[in-house]
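Residue numbers (numbering that gives the first Met the number 0), protein chains in the order written: chain E, 0 to 153; chain S, 0 to 439.
Think of the hints as simulated: they come from the structure by calculation, not from any bench.
Be careful, since some hints might not be right.
[To be verified] Covered stretches of chain E, going by a simulated chain S footprint (3 or more residues, C-beta under 8 Å):
| no. | stretch |
| --- | --- |
| 1 | 21 to 27 |
| 2 | 82 to 96 |
| 3 | 99 to 113 |
Remember, predicted model here, so these are calculated numbers, not experimental data.
The beta-carbon is built from N, C-alpha and C at its ideal position, and this holds for glycine as well.
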Amino acid sequence: MLTEEEKHEIEEEFKLYPYKSAAAIEALKVVQKHRRWVSDESIKDIAQLLGITPDELDSVATFYNLIYRKPVGRNVIHICNSVSCWVMGYESVLKHLIDHLGITYGQTSSDGRFTLLPVQCLGTCDHAPALMINGDLYRDLTPDIINSILEKYQ
Amino acid sequence: MEKILLPDIKNLHQIDVYIQNGGYEAVKKAYKRTPDEVIDEVKRSGLRGRGGAAFLTGLKWSFMPKNTDKPKYLCVNGDESEPGSFKDRQIFEFNPHALIEGITIACYAIQAKAAYVYIRGEYHNWIQMLQKALDDAYARGFVGEKMPETLGGSFSCNIYIHKGAGAYVCGEESSLMNSIEGKRGYPRVKPPFPAQFGLWGCPTTINNVETISNVPTIINKGWEWFSKIGEPRHPGTLLFGVSGHVNKPGVYELPSGVLLTDLIYKYAGGVPGNKKIKCVIPGGSSMPPLRGDQLEGVKMDAESLKAAGSAIGTGGVMVMDEDTDLVRVLARIAKFYKHESCGQCTPCREGTGWMLKTLNRIARGEGTSSDLDLLTDVAKNIEGNTICALGDAAAWPVKFFIQRFREEFEKAVKPEVSIPVANKIHSMRNTAVPLAEIKK
């Protein structure tokens with residue numbers, strides 16, 4: 000069941016479009032904001048609100064990189080693995096994260112604190128390498144500043 | 000040189016500063032003319048799209064049907080997901096009102112009552128910046144119902160921000176419309192073109208953020224003024240995003256036709272350690288790369304880059320020095336397109352995977368010279384055989400990296416050994432004659 004708050008936030012998005020179904024991405028994001036990820040049950044509930052079938056909504060949910068259809072940790076690290084970041088030292092940053100957190104892509108640390116995911120370019124190639132944690136952007140990274148960034152996220 | 004998009008004015012993102020500097024005057028001027036006159040002004044200016052295809056903006060606007068009962072829409076493409084591109088970001092941050100004012104003029108020209116600005120989901124900060132500017136513009140009556148009171152005339156329109164959720168293909172115009180409609184971001188077969196059958200089946204124009212942000216200045220200063228900036232066949236200033244091995248990476252607004260070498264050495268500060276340049280991708284990761292020894296005299300505009308064997312794309316310039324491993328660079332680019340292929344067309348869905356596997360094999364030192372031909376062959380079979388340009392975008396880097404840096408790729412692979420046995424599998428068994436002996 001969607002909470003009243005979730006329903007209200009999704010219904011606010013309807014105002015932007017002539018058809019409710021256009022709010023699909025935002026509706027998924029609303030639920031993800033409150034529950035960290037989008038479960039099968041949520042898909043059914045949101046689809047009903049949007050007036051589309053759960054399958055249609057799931058085809059949207061699984062299409063986009065930033066919608067999580069599996070549980071994630073309290074904080075999600077998206078590290079840019081595209082060409083400019085790679086050229087500027089992405090691999091050393093990734094290695095540090097993997098060594099430090101003991102997880103690799105697609106995994107969540109055992110304390111549930113971090114999930115590590117790749118992202119296809121963050122549009123900040125002039126400050127490469129870059130990563131994003133829960134929407135906060137960190138740029139011009141070197142392995143030695145990673146730990147102090149991670150400290151902010153418990 | 001006068002800058003149009005990113006002038007050196009402090010706090011231009013604030014609505015009061017924008018107004019003090021002549022902001023929202025162009026829209027008033029435009030609304031005193033007929034929509035056709037506005038289209039004509041933009042057509043004559045020679046403004047070309049800044050999203051990759053460099054199509055004439057005024058001409059695109061003129062494709063919108065005049066007599067229709069259906070609502071019309073403007074979509075503004077701020078998906079900006081091509082690796083190496085980060086220019087629209089600067090407009091959201093430093094000059095969002097030029098974009099908003101440009102949208103109100105474009106909407107009037109094509110008589111659209113609603114515009115959707117599509118911004119990629121990864122741009123959290125920049126979405127908030129544009130939303131703040133948009134809220135301010137609404138509050139002052141520059142957008143929305145109050146427009147006739149504030150701007151004169153009777154026209155009004157609404158502007159909405161539609162946030163993506165991470166999908167490169169949504170920068171393709173028909174995919175972008177599907178994404179706004181709340182569907183998977185699958186590109187559509189064209190024709191019908193968006194001007195006939197676009198968003199929700201209604202007439203739609205799609206323009207890039209940078210393109211639209213030029214419009215207020217064109218209205219204010221006239222088409223003639225604009226058409227004289229830079230290279231005549233691709234006039235105006237362009238936002239060049241320079242990244243990779245340069246001392247001062249960043250976004251530079253310069254007249255079109257600026258020399259690529261000036262952009263790298265004069266503006267972006269040259270290469271760290273004064274190393275030689277091995278490779279430059281001039282327009283975002285899908286554009287054909289140029290060799291470091293072929294940069295002299297190359298100008299940065301659509302026609303000149305075409306003549307040089309590449310394309311302007313989004314103006315995202317990626318510089319790689321002499322120590323860069325291009326096999327691994329190409330494998331990285333291939334990985335991107337494999338991940339972002341939407342899967343609709345078989346050549347792209349399967350081909351991008353093949354190319355990545357083959358490149359990874361070469362990067363591991365296990366490739367043979369026939370792999371290079373295989374890669375070129377797969378790339379040729381993707382190119383032109385898919386619904387949208389993502390297929391071409393995936394094929395071009397593979398095709399041209401191998402063609403233009405053949406010697407480096409040859410070095411990375413082993414020569415193909417012709418094995419005089421009927422069955423290659425047999426030759427891999429322990430009992431088979433070792434390859435080295437066959438070669439003798």
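Just to make sure I understand the rule, a stretch counts as covered if three or more of its residues have a C-beta closer than 8 Å to a C-beta of the chain. Does the stretch 21 to 27 of chain E meet that for chain S? holds (count 6)
Count the residues of the stretch 82 to 96 of chain E with a beta-carbon closer than 8 Å to any beta-carbon of chain S: does the count reach three? That given contact holds, which follows from 5 residues of the stretch 82 to 96 of chain E lying within Cβ reach (below 8 Å) of chain S.
Coverage of the stretch 99 to 113 of chain E by chain S, judged on three or more residues with CB within 8 Å: violated (count 0)
Consistency with the previously given hints fails for number 3 only.
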